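> Each chain, letter by letter, is given below.
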Amino acid sequence: MQKKNVVIIGNGISGITAARFIRKFSDHRITVISEESDHFYSRTALMYIYMGHMTYENTKPYEDWFWKKNRIELVRGYVTKVDTEKKGLMLTGGDIVYYDVLILATGSKSRKFGWPGQDLRGVQGLYNLQDLELMEENTQGINRAVVVGGGLIGIEMAEMLHSRHIPVTFLVRESGYWTNILPTEEGLMISRHIREHHIDLRLETELKEILPDETGRVRAIITNKNEEIACQFVGLTTGVMPNIEFLRDSGVEVGRGVMINNYFETNVPDVYAIGDCGQFREPRSGHPPIEQLWYTGRMHGETVARTICGERAAYDRGVWFNSAKFLHIEYQTYGFVASRPQDGEESLYWEHPDGHHAVRINYRASDGVVIGSNFFGIRHNQAVWERWLRERRTIDYVLEHLGAANFDPEFYTQFERAVVKQYNERYWGRKVMLKRKRGVRSRLLELVGTE
Amino acid sequence: MSLNRTYPSIQIAGDPTVSMSSTEKLGAGLSGLGFLFLLVAGFTGQTNPILFLILSLGLLSLGGVIFSIERYQKQHAPGVDNNGVMFSPSTRRSFFTWNLAILITGFYVLLYWFPGTLEGLIRTVDPLSYTLRGKAADQWFLYGTFYTVAVLVMGFRAILKYRHNRYQIIRTISVMFFQLFLAFLIPALLIMLQQPEFYFSYFWPLKYDYFFPGTLNSLEQAGGWGVFMVRWAVVIAFIGVPVLTYFFGKRWYCSWVCGCGGLAETAGDQWRQLSDKSMKAWKVERWMIHSVLVFIVATTALLWINADSGNMILREASNGFNKTYGFLIGMAFSGVIGVGFYPIMGSRVWCRFGCPQAAILGIIQKYFSRFRITTNSSQCISCGNCSTYCEMGIDVRAYAQRGQNIIRASCVGCGICANVCPRGVLSLENGPTKGRYNEPVLVPESEIMMPRRGDAKNEEWRERAFSQE
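Residue numbers (this note's numbering), protein chains in the order written: chain A, 1 to 451; chain B, 452 to 920.
Only chain A is shown next, with the shape it has when bound in the complex (with noise of 0.2 Å):
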């Protein structure tokens, strides 16, 4: 394979990721350019950076010795400009780095709307580390902060928020948390989980305008309600959008993201785009064009490296799946699970009596193949899942086997039963029959089909 200089602007999972298989792969020259850190680290984790559950350096997947050990040079710099005619970068301070093949990765920015005041001191996004340095300084001696947006970062910031007992009120344009994506009984839950923790959750509340006082820094917003409330911080996580002003005049096609298609190559030979700053020409149905998800990036990473290194490979996403923590209750959903009904799909929904855990699974009426599930507060195993929704496994099969799939530590209250129990409820006159436990050897049994 012939030597190529490889040059990867963006040191987040899918730049780094590209970068390890490339290595793993081949002998190529490889150069990572970040603005933001000089070492990888793990952009999950800023959250219990501030909350005070790890330090900085916890967040860092590899040591620091790591990158010069596999021949990964790291470089500390803004790119200003793409020349694709010389193949060559400009980075602020004049310097320029030549490649041979560049991929972009440079992940998003946070989204705003043009409110009046969305400039002021005390008001931030949260999307790198310099973001939440601002934070630790916006947020020191407040009496009171506004989250606006509820989605996945919203809940974060107010979760981080109250960790340091900053009173909270959180605004949500919908009718539940985040039920643009989930379904009104699990948005409904969340909810009440958000309120259990004492944060003032506003529902179908929108940010209208943010007050300044006299030095420039927040004092107050105004909801859409015309309600004027006090406070020193407004977290704005109403979405992000990919990083890309940079691409400018250089001849890369762009939309809202980097225009690529499934082998992630854009307009432009030998420059490609991945993770949260590629958009898709053509995704596949029910995709979105844009992923801005950690496990994306890391499979974007992954199969771009193959195509780079001479095995040209196609974006398979795989199963769906994903996954979070909303405060203290765990969430995972695997295959697709629409936030609203769907025509010809039936929904089973469990949840329990104390609010803490729910089991949705959703399959076709006609014959009762499962399509998706949702799960809360209870760990499931995704390889089986994977499995299940792969081979078309039936509502009744999933249900007798949902004991394989249940990843819960020992000794953890299972409530397979009582999901089983509703099901058999609702169809008078069925009775699906637990057939597996918990454990290895049932996953085993359901997974290969042998211990």
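No lab work stands behind these hints, which were simulated from the structure alone. Model, not experiment: these values are computed from the prediction. From the three backbone atoms N, C-alpha and C, an ideal C-beta is built for every residue, glycine too. Some hints could be false.
[As the list claims (entries may be wrong)] Computed, partial: chain B to chain A, Cβ under 10 Å: (1) CYS834; (2) ARG848; (3) GLU880.
Here the structure of chain A is known, so what remains is to put chain B in place on it, guided by the hints.
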């Protein structure tokens, strides 16, 4: 980087980002008062031991219990909060923890080599010693009392802290039980009954002299119970340890039974995050722990060879080995460093770097056991909570983020990694040994990510992909 902030408040456990409630202050105050009385007792203990015992250990314990109830009862939702652990001077490496380490280390030095200085304290536990053992206290009874109180009070705290996790509750009750009965009350009772003092929860090589010819001979000569004790020592070390470790992994002993582990899991729990996770530390660990194992095996072997021969040179050598091991490992390492360094190097310094029992259990766990920590395919987000809170310094994340099961000789199966994981990635399990060491998985069965087995071209990719890390 200005991301690490600190707070001036000093608390033994919990969230330092808020000032203490009045009940918490009461608890802390009572404990402080108890500690003060302990110091006073150290100088004047003989005058009224029962009163001093109640005022010192009693108040210390009561304060700890009140503090724990108030601190952890407030947390109503399920899950563990480690809020502020990295900020508080009491739980990160700080001036305070260094001083605490010096204080504990100092106590061990006095205990082992200058017990006379502890006379006042020893007399304080005389009434307890007479009740339990029918004779006056010595420094070891004082130590046992302190140790047991620490495991019980801090065990109570651990149960409250981890009360949303049934595995943690049962495990903590188990270590409290074994410390109180097998390592404290039963040995005391044996003394009361004029039988040899014997600890059923410790075996060779951790209790290294239990295989020394001298010990076995004197037990045999004691007859009756002594004979049973000899059989117990042999059977548990040669049959019990391998069989139980095969079924349950090292954890059945290290984090369920052992007193050293018991103290680490209770009193040491708040410092678990201080263990060193670097590759270098792992290297040092393997050299040290296996060297100690070789040392004690050689010492024991020499003593046995010597026992059958009248060879003076050999006797000198074996006695030399015995004394050196007792001083270096039995006292200095397991006690002074092992516990004294809790607030600096985490709660498992001895278990990780020194314990020969752990070395044996570890070898069995790695090669002949049904235990593993299963990783949930590609659900890991590399956040690092698991590695951070691993008291044994295992970089759990390195495995989890590759979808690889975690089977490490040092893992004591405390289960905290699975508990702090925000994505449900880790599960401690016993099961069939086949496939225990799995291939790294990113996305199972996806044709791109996970080449199908048996496909020659894909096998080659797999080879290249996973051989270099």
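> Each of the hints needs a verdict: does it hold here or not?
How the hints compare with the structure:
1. CYS834: Holds, about 4 Å.
2. ARG848: Since chain A brings a Cβ to about 6 Å from ARG848(B), closer than 10 Å, the hint holds.
3. GLU880: holds (5 Å)
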